Amino acid sequence: MLIRRLGALAALMLVGTGVNAEVRVQGPVEYGVFESRHQDFQSGERILAQNGQAIQPTDQVPAKLGSKFGMRYRLEGKVAEDTPLTLLYFTPGVITPDGKRHDKFEVVQKLVPGAPQDVMAYEFTENHEVVRGEWRFMVFQGDRLLAEQRFNVR
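All the letters of the sequence shown, read from the start, carry residue numbers -21 to -1, 1 to 133 under mature numbering (1 follows the signal peptide of the UniProt record, and there is no 0).
Treat the hints as calculated values from the structure; they're not laboratory data.
Heads up, some of the hints might be wrong.
[Stated by the list, open to error] Derived EDC-like pairs (lysine to aspartate or glutamate); straight-line CA-CA distance at most 16 angstroms:
id, residue 1, residue 2
1, K79, E105
2, K43, E105
3, K89, E1
4, K83, E113
5, K47, E105
6, K47, D77
7, K57, E113
8, K83, E14
9, K89, E113
10, K43, E102
11, K89, E60
12, K79, E127
13, K89, E55
14, K79, E108
15, K43, E14
16, K47, E113
17, K43, E108
18, K47, E108
19, K43, E113
20, K83, E108
21, K83, E55
22, K47, E1
[Claimed, not checked] Now the in silico label distances, taken between C-beta atoms and shown as ranges:
id, residue 1, residue 2, range
23, E105, E85, 32 to 40 angstroms
24, P7, Q88, 41 to 49 angstroms
25, D122, E60, 25 to 33 angstroms
26, P76, R115, 22 to 30 angstroms
27, R16, G56, 33 to 41 angstroms
28, G78, E1, 24 to 32 angstroms
29, E127, P95, 30 to 38 angstroms
30, G6, T65, 16 to 24 angstroms
31, G78, G56, 36 to 44 angstroms
Quantities reported herein were computed from a predicted structural model and do not represent experimental measurements.
Each residue gets a CB set at the ideal place from its N, CA and C atoms; glycine is no exception.
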């Protein structure tokens, strides 16, 4: 009787591990400021970028419209139905036009198994977003921290 219970428990454990694959960062995490040819950004303007946009490696970000900064990384073990990623952007305090202060922005992102790379980035497209100080980016899957980077906007 005990052997049957242990066998059933072992079978359940094996089935459970197949459902929640362990997502992990493979290789180095690129971080810095994404390069752009466009120079004179206007408030509200967004420039679509190509895949593979070059990143200038730095943790120092210019406090100006058009600055796009963040991380690019490769994740292994992605399964579409698995726990999504949570991208946390901690800010020095972005105050939106409605007067609300935002110390954190949170984005939930489904896993895309076929994507060769994942990106977590922020682009200053509105004047109120350009806030000097420390910005901290964190990528989680559930309660597991996968990547983290701090930037100094100045």
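Going down the list of hints, with the structure as the test:
{"no.": "1", "hint": "K79 with E105", "in the structure": "holds, 15 angstroms"}
{"no.": "2", "hint": "K43 with E105", "in the structure": "holds, 9 angstroms"}
{"no.": "3", "hint": "K89 with E1", "in the structure": "holds, 15 angstroms"}
{"no.": "4", "hint": "K83 with E113", "in the structure": "holds, 12 angstroms"}
{"no.": "5", "hint": "K47 with E105", "in the structure": "holds, 12 angstroms"}
{"no.": "6", "hint": "K47 with D77", "in the structure": "violated, 24 angstroms"}
{"no.": "7", "hint": "K57 with E113", "in the structure": "violated, 30 angstroms"}
{"no.": "8", "hint": "K83 with E14", "in the structure": "violated, 25 angstroms"}
{"no.": "9", "hint": "K89 with E113", "in the structure": "violated, 27 angstroms"}
{"no.": "10", "hint": "K43 with E102", "in the structure": "holds, 10 angstroms"}
{"no.": "11", "hint": "K89 with E60", "in the structure": "holds, 8 angstroms"}
{"no.": "12", "hint": "K79 with E127", "in the structure": "violated, 26 angstroms"}
{"no.": "13", "hint": "K89 with E55", "in the structure": "holds, 14 angstroms"}
{"no.": "14", "hint": "K79 with E108", "in the structure": "holds, 12 angstroms"}
{"no.": "15", "hint": "K43 with E14", "in the structure": "holds, 14 angstroms"}
{"no.": "16", "hint": "K47 with E113", "in the structure": "holds, 15 angstroms"}
{"no.": "17", "hint": "K43 with E108", "in the structure": "holds, 9 angstroms"}
{"no.": "18", "hint": "K47 with E108", "in the structure": "holds, 12 angstroms"}
{"no.": "19", "hint": "K43 with E113", "in the structure": "holds, 15 angstroms"}
{"no.": "20", "hint": "K83 with E108", "in the structure": "holds, 12 angstroms"}
{"no.": "21", "hint": "K83 with E55", "in the structure": "violated, 27 angstroms"}
{"no.": "22", "hint": "K47 with E1", "in the structure": "violated, 30 angstroms"}
{"no.": "23", "hint": "E105 with E85: 32 to 40 angstroms", "in the structure": "violated, 19 angstroms"}
{"no.": "24", "hint": "P7 with Q88: 41 to 49 angstroms", "in the structure": "violated, 21 angstroms"}
{"no.": "25", "hint": "D122 with E60: 25 to 33 angstroms", "in the structure": "violated, 18 angstroms"}
{"no.": "26", "hint": "P76 with R115: 22 to 30 angstroms", "in the structure": "holds, 24 angstroms"}
{"no.": "27", "hint": "R16 with G56: 33 to 41 angstroms", "in the structure": "holds, 36 angstroms"}
{"no.": "28", "hint": "G78 with E1: 24 to 32 angstroms", "in the structure": "violated, 43 angstroms"}
{"no.": "29", "hint": "E127 with P95: 30 to 38 angstroms", "in the structure": "violated, 22 angstroms"}
{"no.": "30", "hint": "G6 with T65: 16 to 24 angstroms", "in the structure": "holds, 22 angstroms"}
{"no.": "31", "hint": "G78 with G56: 36 to 44 angstroms", "in the structure": "holds, 43 angstroms"}
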